[in-house]
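**Q** Please take these sequences and the hints and turn them into a complete structure.
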Amino acid sequence: MSLKSTLAVFWRTLSSPPATISLGVLTFGGFITGIIFWGGFNTAMEFTNTEDFCIYCHEMEDNVYAELQETVHWENRTGVRATCPDCHVPHEWTNKVARKMQASKEVWGKVFGTINTPEKFEAKRDELARHEWARLEANGSLECRNCHDYDSMDWAAMSDEAVYYMRPAAELNTGCINCHKGIAHHLPQSSGESPVLVVLESKAVTDLEEGQQYFAIDAVELFEDEALTQTAGSLELGAPVEVLARSGNKMQIRLAAWRKEKGFGRVLYHDFGLNMRKAVLNKDTATNAAIVHASETRNDDNTGLDWSEVTVDLWAVSRGFVKDEQVLWDVAAESYASDCSTCHAQPDPEHFSANAWPAMFNGMVGFTNFDEAESKLVLTYLQKHSSDFVEAH
Amino acid sequence: MDDCVTIHDAELCRWFATVFAGELTEGAVNAYMAGAAVPYLNSVAEQCDISAERETLEAAIRDWSRHTNATRQLATDFAAHFLIPGQTAAMPYASYFEEQTLFGHAHDRMRARLNNAGLGLTASENGPADHLAVMLEYLAYLLDTNRLDAHSSGYVESEVLPLATSVSRRLEEQKPSTGFYPTVASILTLYLQALADRKLTARV
Amino acid sequence: MATRRDVLKRIAAGATTSLIGPALLGPAAKAQVTSEGVWKTTGSHWGAIKALIKGGQVVDVRPIDEDPNPTDMINGIKGLIYSPSRIRYPMVRADWLDNRERADRTTRGDNRYIRITWDQALDLLYEELERIQTTYGSSGLYAGATGWRATGQFHSCINHMNRAVTMHGPYIKKVGDYSTGAGQTILPYVLGSTEVYAQGTSWPLILENTKTLVFWASDPVKNLQVGWQCETHESLEYFDTLREKIAKGEIKVISIDPVRSKTQNHINCEQLYINPMTDVAMMLAVAHVLYTEELYDKAFIDIYALGFDRFIDYVMGRDDEGIERTPEWAADICGVAPDMIRDFARLIASDRTQFMFGWSVQRQQHGEQPYWMGAVLAAMLGQIGLPGGGISYSHHYSSVGVSTSGATMPGAFPLNLDLGKTPEHDANFGEFSPVIPTTRWIDALLNPGAKIQYNGNEVTLPDLKMAVFVGNNPFHHHQDRNKMRQAIRNLETIVAVDYTWSATCRHADLVLPGCTQFERNDLDMYGSYANSGVLAMHRLVDPLFQSRPDFDIFAALTERFGRREEYTRGMREMEWIETLYNECRDANAGKFEMPEFADFWDEGLIRFPRGEHWVRHAAFREDPEINALGTPSGFIEISSRTIEKFGYDDCGAHPKWMEKLERSHGGPGSEKYPIWLQSCHPDQRLHSQMCDSEPYRATYSVQGREPIWMSPQDAEQRGLGDGDLVRVFNDRGQLLAGVRLSDNFPPGVARIHEGAWYGPEDATIGALDTYGDPNTLTMDIGASKLSQATSANTCLVQIEEFEGDAPAVTAFGGPTEVVF
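Protein chains in written order, with the working numbering: chain R, 1 to 393; chain E, 394 to 597; chain L, 598 to 1417.
Simulated from the structure, these hints should not be mistaken for lab results.
Quick caveat: nothing in here was measured; it's all calculated off a predicted structure.
There may be inaccurate statements among the hints.
[Said to hold, decoys possible] Below, a list of computed lysine-lysine pairs in the DSSO-like style, where the Cα atoms sit at most 30 Å apart:
1. K120/R <-> K1188/L
2. K384/R <-> K842/L
3. K842/L <-> K859/L
4. K1018/L <-> K323/R
5. K384/R <-> K771/L
6. K283/R <-> K181/R
7. K1253/L <-> K849/L
8. K250/R <-> K376/R
**A** Here you go:
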């Protein structure tokens, strides 16, 4: 009996597990049992490291394996082909074990039928992809770099556009997966998430430091308390915050902003008289003077409205920020240039003032393909690069 | 003599076709100034009275030598007459005069004639078949192959001559820098009329 | 002794080769002439069409079956393709070819051209771009003007020209447009968006909820025939419903207009006659009634608007001007009786009222004011953001009001340079502004270096030396032809790319033949706002004569400086179309199913389901704090401190009545020139497009001239009858037109649709226009310092019978009479 068919029998015996044992124990136990059952750790590892293994046991053959065959990683002029384990199984020993432990969950999915049809697989694709992206981000795209290395790149042979993107990535030693998601398999489409947010998320910093300033790349949810039970509102894309304290995956942030003293003062703006949004607070939070510390009011001569400067300390999960705001503007600039030029030449951002841009943008956004997140990002970019922020021409 | 004249007719038609097909080259201008048109004019004159027109044409050609760049002058005349649309321009397409459009019924008729004869336009551009030059060259083909009577009765009277007449009338209204094109068009009209009359007589 | 024949033979032997050119005919395979032909689908501003192709020619054009309300203009498409006005070859002005910037520019418009090859033409274009950039820098080149390019996302000539010319060097660009310049500048300050190009409340909600619908200077039934993308004509069906509801007494519809519009006649609604250009006076009186009779919504003004008190002080005469804007005050100006104004104010305040403004009323001096004042009235009624209430400035445009499907639409050929790419020449604008208000380019030519105000900024007009116009006809859309003709003498080089000999081409030095959209493959959005589908545009016929797609033209230009590959990204027409389609398909994956490209191309049109009904400004009404408007304050600005601070005398802190430079019905200048000439969008053209379609133009022209519509009373006074040829004139110019009498027109009002081709008798300034372009007579001033928009509808003229021999029409390629 071949090892492969032995494996098949083994999985079949696992197909009716006792319901009382938790999923985690079963996965872990099942995996370890399997290794020992085959009578040798290394032997098993070697076989599970082949493509045959992958496409037999995982829901791979009809889905991601077929997709891979359409890409340059399968067929190219040099004849070098990447197999499943080249990218997905770490070459370093302990990592291999850790990865296979995670893979067991996917195997478990087959057993219980969570991904055993194309439709179910598609429904799960987003979650599975995110696991894999997170892993590659965490290790700096180690498996990619076994073949692709910044130091060995021939910059002269690249197109200008490739250099434009690749050069800063090389300088920051950015992991490949941060930009090249979907290079070997289809991207998840069921998530409904904005493509812009997916791109930005890939550039998020994971370890935020106290006392530093960061910029939101998502509508980060805000809370009044450290336990994150009392919602306070959310940040706008591009909002700068200062980290006051860290506590596990949570952090306390400070928002320094301005607001209009008309209505409930729920919208926090970047600066006096500038309609550039930083955050939107809930009514209860906005009207709670213990949380929102407001200065004396100041009248804006351009509208006749009173404004006050506010400081708000709130809590959030420490996820969804970048250190360098330019990351946001690069993404936004590209969206703006391509989407706003299908009918006409797009005006330069500095052509209008920060307060004029929302109106110009609102008037034309219906002609674009922007989703909500992209709209907000592009508008903030335009305001941030408007005549208020650059030398007037 | 008759067979000589017939051969001559085809050549004459090719000459007229060349005049209306495109701008004169430097070589052609020099040839005209050297008297190259004389035999053609002689042949036409054998068939009809073109003495007045001939005098005008020869004077016009003599006048070229006074121009600093006769080829250029003729090219701008050619453009003004035939290439730039205008209500007094003489766009050399039969559909234009018939229907105020391009590629109209006259074009369809002409294309059908060419198609039946196994002929097609050689130009790389997508132009219509009812251009005066094309129609004249087809006439040359009919004369060459002795098919004018048998296959194309009325072609001269009802297709080529009316277009030539329209073009000629229009050219009379223009303000060219040289009288070359209007005069050749007048001669063409007289010639075609003579040809039509002659063929008619022959048929009778 | 040699015979005469021998002599002839000798001469002929040396000369024949020179006098007889290459054969025009050669052997060809016999084509099947019995073919039934094939129907092909494509699209246009006039809607999606199917064309019967036989023997490589379009023989019939019809709307697609899905079009619920096809426009009659589809009958002009065949004539557009086969127009004798087509540009057939690259042409260059002879004098300019020899002398370039030293050539005589006074003959522009009556040019002597010669034919050149494409290679010569593109070399010339490249040489000139190079000369201008090197000699004058970026400020010497004007390539920013754009117009209603032919439809198609890939071939859009605006994108091709911009990408290619920018690749070579930067140039002066424009802001604003000739259609909505005043509206799109004022409304951001008032309602926080340009509004004029925005999706509007869905028609079913209007039909369901509106009790009084006011068309203010708007003629949607005329203007909805065309769309910016492929027009679906889907909103026209609502006008049929409207007509039924009016007949049943379920809705009151009032058209406020000096003229009985096509829409009014179509739906059989009421008309409220008003003197031309006096709308603001009447609106102020309506505000006076609403205020004094306390018919306005105080709570709405309180929560959603700013600056009401300041405005009301003006209305009540409690300001510097000290004039109370009563109905009696207004009646003298606007010609509407005081009681009618009162009744109107009470009516609109009595129940749900929807205003729909057209664009003509802002294409006049102080064109900002009626739009601003309309928003103020809507705010006073307090129905902004309610279904069937509030104000719209776009329901007459491109099927606005048909719910948006939510599908992503195909992108376009990139207008910009690819990331990381820079032009051959660096930006060098010197002291000049790199962007100018679009209508001020003629002023720039006449007064380079002059400083003008625009929307709170100072603009230094550039010293333009060369202009490139592609798919764009400024000799139609700009005002005051004679001023223009004088001004363009200051341009050293004018280049025009078009498929037809427009007046712009006739004034150009280098003229390149683009092909029509019917001679290339493409794809388009089906519906400009509703995103109703994606349309395959099949090439109907090969490009005629030597015309070429803009893609080919500009790829060949970029080749001259070694950047063709970058320009085309190494792709050809069908590869681009497939790429654009697939990107669209990917973006819609999981939301809207789209077939594989090959199936799409075969099917021709794929449709998306209609989206949910939507109410404009509803989000703002629901939560004005979170969903703030884009105004400086975030609220409706009845008065604007921002504008006030600009300190302009012609657009101040709040909407005002201001007298015009010239105005009919007793206004300034009306004694000398008593008739107001309106030049609104045509009924049987798209601006100047299709004017060259000979058989179609013949269906409406009068003695070969553009019709001038006028009242029987004005005609009788002048001894004119229907069909007469008249000279229409003022101090700015003169034109010939053919009289059409109609009861739709009141005394003192005449109309010539804009887009009638300019055909001057000769090159002299002031020459008689032989066809009837109304912009021969219009005034070229900015609407105000705020918008610097066109003031085309501020125009008075006199009309008289034309005596003597009428000069031939010079505007077109077609003959005046059939010679046969």
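**Q** For this structure, which hints from the list above don't hold up?
**A** 2, 6
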